[in-house]
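Student: Each chain is listed here by its residues.
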Amino acid sequence: GAVVSQHPSRVICKSGTSVKIECRSLDFQATTMFWYRQFPKKSLMLMATSNEGSKATYEQGVEKDKFLINHASLTLSTLTVTSAHPEDSSFYICSATGTQGPEAFFGQGTRLTVV
Amino acid sequence: RKEVEQDPGPFNVPEGATVAFNCTYSNSASQSFFWYRQDCRKEPKLLMSVYSSGNEDGRFTAQLNRASQYISLLIRDSKLSDSATYLCVVTLGGYQKVTFGTGTKLQVIP
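Line by line, the protein sequences are chains A and B.
With my numbering, the residue at position 52 of the first sequence is 52, and numbering never jumps.
With my numbering, the residue at position 15 of the second sequence is 1015, and numbering never jumps.
Calculated directly from the structure, the hints in this document are not laboratory data.
Glycine residues also receive a C-beta, built at the ideal position from the N, C-alpha and C atoms.
Check before you lean on any hint, since a few could be wrong.
Listed next, the in silico BS3-like pairs over lysine-lysine satisfying Cα-Cα at most 30 angstroms (straight line) [stated by the list, open to error]:
1) A:K41 to B:K1042
2) B:K1079 to A:K55
3) B:K1042 to A:K42
4) A:K14 to A:K64
5) B:K1079 to A:K66
6) A:K55 to B:K1097
7) A:K20 to B:K1097
8) B:K1002 to A:K42
9) B:K1045 to A:K42
10) B:K1045 to A:K64
11) B:K1002 to A:K14
12) B:K1079 to A:K41
13) A:K20 to B:K1079
14) B:K1045 to A:K66
15) A:K64 to B:K1079
Label-pair ranges, simulated between beta-carbon atoms [said to hold, decoys possible]:
16) B:I1109 to A:S15: 40 to 46 angstroms
17) A:S15 to B:K1042: 24 to 30 angstroms
18) A:L76 to B:S1026: 45 to 51 angstroms
19) B:R1041 to A:S15: 36 to 42 angstroms
20) B:Q1031 to A:D27: 20 to 26 angstroms
21) B:K1002 to A:K20: 28 to 34 angstroms
22) A:L68 to B:K1079: 41 to 47 angstroms
Here's a subset of chain B near chain A, in silico, CB distances under 7 angstroms, partners left out [stated by the list, open to error]:
23) S1032
24) D1039
25) P1044
26) L1046
27) F1100
28) T1102
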């Protein structure tokens, strides 16, 4: 299947700092990327959808100024958690669809811990 | 009504049993359907696509019922390694909108 690479896999940061998570499609062009967060023992929660070259569409209740999403190219989307707080600690996963077909392929996920 | 609904489970079944999951979707214009599997603390991985004619991959059979707007996943001869959360996924509008169900947890017991 297609490959989506997400980096970093784990990050620990101090409260008030910003963290950037990258999601790359390695062997296809990702026209649409999705960002999810997942709390322990809970389901995936869609945060936002981004189309290359356009502003991201955020789900209700997700602060767009807090979670900055950039999808400037067909192979890279980034999620920046600004002024992180302990309640932002979670598992963040990206997925992408595009030229590889209708399936969505996932990055490996990033476990963010804010201390 | 949620766009995609699944019974969260957990389904606890003995090894060798047959288990079936259903997933309903609300938008009749939905175009593509998939089942994903997610192991604990891992990212979801594509298990299989779901076609109108039904499709089978080894012990796994997926079916789509457009009239009733549901998809199903049947697992035969359950193995311990099948224990995971199974997510149904529905896409709309040329894959511009991908919606995940909340997942059904399966625990296969020795």
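Student: Now tell me, hint by hint, if it's right for this structure.
Tutor: Going down the list of hints, with the structure as the test:
As the CA atoms of K41 (chain A) and K1042 (chain B) are separated by approximately 12 angstroms, the hinted pair is consistent with the 30 angstroms bound. For the hint pairing K1079 (chain B) with K55 (chain A), the CA-to-CA distance comes to about 44 angstroms; that exceeds 30 angstroms, so the pair is violated. With a C-alpha separation of about 13 angstroms, the suggested pair K1042 (chain B) and K42 (chain A) falls inside the 30 angstroms cut-off, and the hint holds. Note on K14 (chain A) and K64 (chain A): the hinted pairing holds, with a Cα-Cα distance of about 21 angstroms set against a maximum of 30 angstroms.
With a CA separation close to 43 angstroms, the supplied pair K1079 (chain B) and K66 (chain A) exceeds the 30 angstroms bound. For the suggested pair K55 (chain A) and K1097 (chain B), the alpha carbons sit about 15 angstroms apart, so the restraint of at most 30 angstroms is met. Proposed proximity of K20 (chain A) and K1097 (chain B) is supported: the alpha carbons are some 24 angstroms apart, at most 30 angstroms. Our distance criterion of 30 angstroms between C-alpha atoms is met by K1002 (chain B) and K42 (chain A), whose separation comes to about 16 angstroms.
Distance hint between K1045 (chain B) and K42 (chain A) is fulfilled; the C-alpha atoms sit about 17 angstroms from each other, no more than 30 angstroms. Under the criterion of a C-alpha separation no larger than 30 angstroms, the hint pairing K1045 (chain B) with K64 (chain A) is consistent with the structure, at around 28 angstroms. With a C-alpha separation of about 36 angstroms, the suggested pairing of K1002 (chain B) with K14 (chain A) is violated against the 30 angstroms cut-off. For the hint pairing K1079 (chain B) with K41 (chain A), the CA-to-CA distance comes to about 22 angstroms; that is within 30 angstroms, so the pair holds.
For the suggested pair K20 (chain A) and K1079 (chain B), the alpha carbons sit about 39 angstroms apart, so the restraint of at most 30 angstroms is broken. Only pairs whose Cα atoms come within 30 angstroms are accepted, and K1045 (chain B) paired with K66 (chain A) is accepted, the gap being roughly 28 angstroms. Proposed proximity of K64 (chain A) and K1079 (chain B) is contradicted: the alpha carbons are some 43 angstroms apart, above 30 angstroms. Look at I1109 (chain B) against S15 (chain A): about 42 angstroms separates their beta carbons, and that is inside 40 to 46 angstroms.
The hinted range of 24 to 30 angstroms is satisfied by S15 (chain A) and K1042 (chain B), whose Cβ atoms lie roughly 28 angstroms apart. Between L76 (chain A) and S1026 (chain B) the Cβ separation comes to about 33 angstroms, which falls outside the hinted range of 45 to 51 angstroms. Look at R1041 (chain B) against S15 (chain A): about 24 angstroms separates their beta carbons, and that is not inside 36 to 42 angstroms. Remark: the range hint 20 to 26 angstroms for Q1031 (chain B) to D27 (chain A) is upheld by a beta-carbon distance near 24 angstroms.
A C-beta distance of roughly 32 angstroms is found between K1002 (chain B) and K20 (chain A), which places it inside the suggested range of 28 to 34 angstroms. At roughly 43 angstroms, the beta-carbon separation of L68 (chain A) and K1079 (chain B) lies within the given 41 to 47 angstroms, and the hint holds. This hint holds: S1032 (chain B) has a C-beta 4 angstroms from the nearest C-beta of chain A, less than the 7 angstroms allowed. Hint status for D1039 (chain B): violated, given a least beta-carbon distance of 11 angstroms to chain A, over 7 angstroms.
Given hint, P1044 (chain B) at the interface with chain A, holds; its Cβ is 5 angstroms from that chain's nearest Cβ, closer than 7 angstroms. A hinted interface residue such as L1046 (chain B) counts as satisfied when its beta carbon comes closer than 7 angstroms to some beta carbon of chain A; here the least separation is about 5 angstroms, so the hint holds. The interface hint given for F1100 (chain B) holds, since its Cβ lies 5 angstroms from the closest Cβ of chain A, which is under the 7 angstroms cut-off. A least Cβ separation of about 4 angstroms between T1102 (chain B) and chain A falls short of the 7 angstroms threshold, and the interface hint therefore holds.
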